[in-house]
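Number of protein chains: 2
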Amino acid sequence: MKARVHITLKNGVLDPQGKAIQHSLSALGFDGVEDVRQGKYIEVDLTETDKDKAYAAVEEMCKKLLSNMVIENYAIDIE
Amino acid sequence: MKARVHITLKNGVLDPQGKAIQHSLSALGFDGVEDVRQGKYIEVDLTETDKDKAYAAVEEMCKKLLSNMVIENYAIDIE
Numbered sequence: 087m088k089a090r091v092h093i094t095l096k097n098g099v100l101d102p103q104g105k106a107i108q109h110s111l112s113a114l115g116f117d118g119v120e121d122v123r124q125g126k127y128i129e130v131d132l133t134e135t136d137k138d139k140a141y142a143a144v145e146e147m148c149k150k151l152l153s154n155m156v157i158e159n160y161a162i163d164i165e
Numbered sequence: 087m088k089a090r091v092h093i094t095l096k097n098g099v100l101d102p103q104g105k106a107i108q109h110s111l112s113a114l115g116f117d118g119v120e121d122v123r124q125g126k127y128i129e130v131d132l133t134e135t136d137k138d139k140a141y142a143a144v145e146e147m148c149k150k151l152l153s154n155m156v157i158e159n160y161a162i163d164i165e
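Respectively, the protein sequence lines represent chains A and B. Just add 86 to wherever you are in the first sequence, counting from 1, and you've got our numbering. Just add 86 to wherever you are in the second sequence, counting from 1, and you've got our numbering.
Since the list gives no way to pick one copy over another, a pair counts as held whenever it fits inside one copy or between any two copies.
The calculated DSS-like cross-link candidates involving lysine-lysine, where the alpha carbons are at most 30 Å apart (straight line), are:
no.	residue 1	residue 2
1	K96	K149
2	K105	K149
3	K150	K139
4	K139	K105
5	K137	K105
6	K149	K139
7	K149	K137
8	K88	K149
9	K139	K88
FYI, nobody ran anything at the bench for these hints, they're computed from the structure.
Pulled out of the complex, with its shape left as it was, chain A reads as follows (with noise of 0.2 Å):
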């Protein structure tokens, strides 16, 4: 199966890399942009096939490893 993973900011954190961007972008000649917001995506791919223990393993991944849980969100899709 494959695991789908959006690890995003949360509200109110800072976000210096998507301030960046979105700079970049106004002085590319872009307007309109109200906001940019980065985050990280993570494709991953299991020999798991029962889609309830693949999102309970990708859920652990995500608070020991994928994720910094004080500022961070993750939202996982598995498919």
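Given the coordinates of chain A, assemble chain B onto it according to the supplied hints.
Here is chain B on its own, set in the frame of chain A:
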């Protein structure tokens, strides 16, 4: 409107970050991880209200700044 952009490495392009995650997961005792690929996830808030125009603008942003077209693919969702 909000655009969600996924920047992923093209197939065949080496992904050392993904490999590092894979090895760390293995070291933490997670079995059954076949492959890990890491990409970027960018949310762009736009003042534009026309879906097609928003898509075109974000596609232009991807080509000019957000992605390296030689080694990366982009996918855009507008909502």
